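Protein chains in written order, with the numbering used here: chain C, 126 to 537; chain W, 456 to 679.
Simulated from the structure, these hints should not be mistaken for lab results.
Because the structure is a prediction, the values reported are computed rather than measured.
Mixed in with the good hints, there may be bad ones.
[Said to hold, decoys possible] Which bits of chain C does chain W cover? Going by a derived footprint, with three or more residues having C-beta under 8 Å, they are:
hint : segment
1    : 368-376
2    : 415-422
[Unchecked claim] Taking beta-carbon pairs under 8 Å as the criterion, some of the chain C residues facing chain W (in silico):
hint : residue
3    : Arg342
4    : Gln364
5    : Arg395
6    : Met401
7    : Ala430
[As the list claims (entries may be wrong)] Once the Cα atoms are required to be at most 25 Å apart in a straight line, the calculated DMTMM-like pairs of lysine to aspartate or glutamate come out as:
hint : chain 1 : residue 1 : chain 2 : residue 2
8    : C       : Lys467    : W       : Asp569
9    : W       : Lys639    : W       : Glu612
10   : C       : Lys398    : W       : Asp582
11   : C       : Lys365    : W       : Glu612
12   : C       : Lys467    : W       : Glu477
13   : C       : Lys467    : W       : Glu470
14   : C       : Lys398    : W       : Glu499
15   : C       : Lys398    : W       : Glu492
16   : C       : Lys398    : W       : Glu612
17   : C       : Lys398    : W       : Asp569
18   : C       : Lys365    : W       : Asp489
19   : C       : Lys467    : W       : Asp530
20   : W       : Lys647    : C       : Asp431
21   : C       : Lys365    : W       : Glu492
22   : C       : Lys467    : W       : Asp572
Where is the CB? At the ideal position from N, CA and C, for every residue including glycine.
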Amino acid sequence: MTVLSIIRSRRFLLTAWPWRSLVFVLSTVPLAVAAGVPFGVLAAPWLVLLRRLFTGDADPVTALLLFLSGAASLALLGPLAARPLPIVEAHRLRLVDDRPMLAGRSPGRRLGYAVVLVTAVPVVYAALFVALLLLGVCLFSPLLVDGGPITFGVVTIDSVGQAVPYAIGALLALPAVPYLVAATAGAHAAVARALLHTAATEELRAELVEVSRSRARLAGAFEAERRRIERDLHDGAQQKLVGLTLQLGLARIDLPAETPAATAVDTAHRQAKELMGELRELIHGIRPQLLTDLGLAAGLRDLAADAPVPVSVDADLPRRLPEHLETAAYFVVAEALANLAKHSGATRGTVTARERDGLLTVEITDDGRGGADPARGSGLTGLADRVAVAGGRMLLASPAGGPTVVRVELPC
Amino acid sequence: MLNVVLAEDGVLLREGLAGLLERFGFHVVAAVGDAGELLRAVAEHRPDLVVTDIRMPPGFSDEGLRAAVRLRRDDPGLAVVALSQYVQHGYAADLLASGDGRRVGYLLKDRVVDVSDFVAALRRVVDGGTVIDPEVVRRLLGRHRDPVTRLSPREREVLGLVAQGHSNAAIARILVLSEAAVVKHVGSILAKLDLPPDDSTNRRVLAVLTYLKGEGETGPQGRG
Numbered sequence: 126m127t128v129l130s131i132i133r134s135r136r137f138l139l140t141a142w143p144w145r146s147l148v149f150v151l152s153t154v155p156l157a158v159a160a161g162v163p164f165g166v167l168a169a170p171w172l173v174l175l176r177r178l179f180t181g182d183a184d185p186v187t188a189l190l191l192f193l194s195g196a197a198s199l200a201l202l203g204p205l206a207a208r209p210l211p212i213v214e215a216h217r218l219r220l221v222d223d224r225p226m227l228a229g230r231s232p233g234r235r236l237g238y239a240v241v242l243v244t245a246v247p248v249v250y251a252a253l254f255v256a257l258l259l260l261g262v263c264l265f266s267p268l269l270v271d272g273g274p275i276t277f278g279v280v281t282i283d284s285v286g287q288a289v290p291y292a293i294g295a296l297l298a299l300p301a302v303p304y305l306v307a308a309t310a311g312a313h314a315a316v317a318r319a320l321l322h323t324a325a326t327e328e329l330r331a332e333l334v335e336v337s338r339s340r341a342r343l344a345g346a347f348e349a350e351r352r353r354i355e356r357d358l359h360d361g362a363q364q365k366l367v368g369l370t371l372q373l374g375l376a377r378i379d380l381p382a383e384t385p386a387a388t389a390v391d392t393a394h395r396q397a398k399e400l401m402g403e404l405r406e407l408i409h410g411i412r413p414q415l416l417t418d419l420g421l422a423a424g425l426r427d428l429a430a431d432a433p434v435p436v437s438v439d440a441d442l443p444r445r446l447p448e449h450l451e452t453a454a455y456f457v458v459a460e461a462l463a464n465l466a467k468h469s470g471a472t473r474g475t476v477t478a479r480e481r482d483g484l485l486t487v488e489i490t491d492d493g494r495g496g497a498d499p500a501r502g503s504g505l506t507g508l509a510d511r512v513a514v515a516g517g518r519m520l521l522a523s524p525a526g527g528p529t530v531v532r533v534e535l536p537c
Numbered sequence: 456m457l458n459v460v461l462a463e464d465g466v467l468l469r470e471g472l473a474g475l476l477e478r479f480g481f482h483v484v485a486a487v488g489d490a491g492e493l494l495r496a497v498a499e500h501r502p503d504l505v506v507t508d509i510r511m512p513p514g515f516s517d518e519g520l521r522a523a524v525r526l527r528r529d530d531p532g533l534a535v536v537a538l539s540q541y542v543q544h545g546y547a548a549d550l551l552a553s554g555d556g557r558r559v560g561y562l563l564k565d566r567v568v569d570v571s572d573f574v575a576a577l578r579r580v581v582d583g584g585t586v587i588d589p590e591v592v593r594r595l596l597g598r599h600r601d602p603v604t605r606l607s608p609r610e611r612e613v614l615g616l617v618a619q620g621h622s623n624a625a626i627a628r629i630l631v632l633s634e635a636a637v638v639k640h641v642g643s644i645l646a647k648l649d650l651p652p653d654d655s656t657n658r659r660v661l662a663v664l665t666y667l668k669g670e671g672e673t674g675p676q677g678r679g
C-alpha cells in the first residue's frame, strides 16, 4: 500500500503514515541539496547562458556553444552523477510505499529523475514550506503582533484584535497539514517509482527472456555435444576396440597353451572384453543405440523388458520425434522405472506414450505405496530441469498409499 | 570348404571377421558394406553361409535384417547369421519366422571376440541348427511370466543352452552333468511350459522361443 491509498481512509490521522510522510519530506531536502551540487556544476554553462541573456551580452555563437556544452555535460556525466539515486530512493520510498521496489539500471530514466529532483521538487517543496510558514505565522499572530505589524502581501495585521480571526482560521486549517505533507510525499514517491521502478521490471523481463533463451541455447549445445561424443565413441573407439579384441582372440588361439605369451594375451583379451562392456555402458548412458535407430516406442519397450517388475508399454507414436525430446522422455522413464523398482514396492507398472496435437505425453504409473518426494534426492529433479529446457513440464503425483504417477509433457 | 558372404559396414571389423573366418577354414567369397551389395553378392556367389550385420547403411536401422529375411524367403535353406548391436526381440522373431526356423542365428555383435565360441555357433547354423544369443534368452526368461517362474535355476540354465542350439550331449559337457540328467531337465522344462516333448534340438529351440515370445508384444509392431 502507499500513502496515497491510505490518505482517503478516515483513520489516516491515527496511523503512522503522516509521520512517515513527514520523515520522507524532510529527508528529501538533504538529498535534493546533495543532488543539486553536481548538477549545478554540470549545468554551469546554462547558468552562465541565462545570466548573459538577462544582461544582454550573449552573441548567438557563444549562446549556442554554452547551450551545447551544458547539454553535453549533462547528457554524458549526468547519468553518472545520478547513479546512487535509484538505490537511495529504493530505501526512502519504503517510508511511503511498502510495495517491493527494485532499483532500475536505465541511465536515461535516472537522469530524468535527477532533473525532477533538482528542478520541480525544490519548487513544490518551497511552496509547501511557504504554505506551512504562513499557517504558522497566522497561528501565532496574536503573540507575534506585539513585536510590530505583520505583513503578508497586501494584508497587514496591526493589533491583537485583528490577529485573532487569522489565528482561529489557522487553527481550523491545522488538521489539513498532515494531508498536505502526505500528498506531497505521495506525489513525489509516485513520480520516483514511475521513473525508477517501471524501468526495473522492464529490464527484468528482458533479462528473463534473455536468460531463458541462453539456457535453451546452452542445453541445446550440451545435447549436441553429448550426441557428438556418443557418435564418436560409437563409430570410432568402439569399432576399433572390437577389432582389437578380435585380433587378441585370434592371437590367443594360435599361441601354444600354458606359455607366458599365451597367458599374457589371454589376460589382454579378457581386459579388452571388460573394456568393451564398460564402453558399451558409457555409450548407452549418453543415448542408447536402440533409441537412435528405432525410436522412442522401441526404447520404452526395451526399458520395460529390463525392469525387475512386469511393466506394460502402450506407445502410440506414429512418427519419429526430434532427438532431444526422445532422449528426454526416455531418460525420465528410465529414472521413473528405477525408482519404481527401488522405492515403490510396486508389483506392476504401466508406461503410456502419446503424441496428440503437437504434445508428447508420457505417463508412468505403478501400484506401489506412493509417498515419493522429488525433493529427497531422486534423480527426477534433474530430469525435470531437462524437460523444462525442452519447453515441457514434468508432474509427479504420489499420495501416501499410492499410486505414483509421473507424467511428462513435451511440445513437439 | 564353406563359402561365406560377409556384410558389415565397419571396415575394421569386416577385415577382422574375414581374417577370422579364413583362419578357421571358411572361404570368404565376398565381403561387402551394405544390404544392396549383400543381395547382389549372394546372387552371384551362391554361398553356404551369410554373416551379416543388422544395422547398415543407408538408414542404419535394420537393413541387414531385412536383406537376411529376403534371402531366406528366396532360399529357405540358406544359412544366415545376423549380428545385432543390441537385443531386439523382434529381430530374432523375424529371423526365426523366415524359412523353417532352421539354419538361422541371431547373435550380439560383441560375441565375435570369443572367436572359438563364435565359429562353433556358425558351424551349428551351417549344420542345420538354430542359434539364439544367450542375452536374448536371459531377457526373455526375465519376463516374469508365470510358467517361467516355476522353473528351477538349473532348469533355466539348461533352457538357456537349449535356446543357443546346443545338443543334450553338449549341454551335459558344459554343465558337467550326465546326459541322462540333461534329458530329465529338458523333459521337466517342456512339461512345465506345457510343450510337447521333442528330441530334435532345433524344434526344441523353436518351441521354447515361440512360447517365450508369446503374447505378441515382441513382434514387428514392437519396432515403433
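Hints and how they fare:
1. Under a criterion of three residues with beta carbons nearer than 8 Å to beta carbons of chain W, the stated coverage of the segment 368-376 of chain C is upheld, 7 such residues being counted.
2. Closer than 8 Å: that is the beta-carbon criterion, and the segment 415-422 of chain C has 6 residues meeting it against chain W, so the requirement of 3 holds.
3. With a cut of 8 Å, the hint placing Arg342(C) at the interface with chain W is violated, because the nearest CB-to-CB distance is about 28 Å.
4. For the restraint placing Gln364(C) at the interface with chain W, the shortest Cβ-Cβ distance is roughly 5 Å, inside the 8 Å limit, so the hint holds.
5. Evaluation of the Arg395(C) hint against chain W yields a violated restraint, the C-beta minimum of about 10 Å exceeding 8 Å.
6. A least Cβ separation of about 6 Å between Met401(C) and chain W falls short of the 8 Å threshold, and the interface hint therefore holds.
7. For Ala430(C), the interface hint holds, the least distance from its beta-carbon to any beta-carbon of chain W being 6 Å, beneath 8 Å.
8. For the given pair, Lys467(C) sits about 35 Å from Asp569(W) by alpha-carbon distance, which is inconsistent with the 25 Å threshold.
9. Note on Lys639(W) and Glu612(W): the hinted pairing holds, with a Cα-Cα distance of about 14 Å set against a maximum of 25 Å.
10. Distance hint between Lys398(C) and Asp582(W) is unfulfilled; the C-alpha atoms sit about 29 Å from each other, more than 25 Å.
11. As the CA atoms of Lys365(C) and Glu612(W) are separated by approximately 33 Å, the hinted pair breaks the 25 Å bound.
12. Annotation: proposed proximity of Lys467(C) to Glu477(W) is violated, straight-line Cα distance about 49 Å (limit 25 Å).
13. About 45 Å separates the Cα atoms of Lys467(C) and Glu470(W), which puts this hinted pair outside 25 Å; it is violated.
14. With a C-alpha separation of about 36 Å, the suggested pair Lys398(C) and Glu499(W) falls outside the 25 Å cut-off, and the hint is violated.
15. The hinted pair formed by Lys398(C) and Glu492(W) fails the criterion: a straight-line CA distance of about 31 Å is larger than 25 Å.
16. Restraint check for Lys398(C) and Glu612(W): satisfied, since their Cα atoms lie roughly 23 Å apart, inside the 25 Å limit.
17. About 9 Å separates the Cα atoms of Lys398(C) and Asp569(W), which keeps this hinted pair within 25 Å; it holds.
18. For the given pair, Lys365(C) sits about 19 Å from Asp489(W) by alpha-carbon distance, which is consistent with the 25 Å threshold.
19. Of the pairs offered as hints, the one joining Lys467(C) and Asp530(W) is violated, with about 49 Å between alpha carbons and a cut-off of 25 Å exceeded.
20. In summary, the hint linking Lys647(W) to Asp431(C) is supported, as the alpha carbons are separated by about 24 Å, within the 25 Å threshold.
21. For the hint pairing Lys365(C) with Glu492(W), the CA-to-CA distance comes to about 24 Å; that is within 25 Å, so the pair holds.
22. For the proposed pair Lys467(C) and Asp572(W), the alpha carbon gap of about 37 Å is over 25 Å, so the pair is violated.
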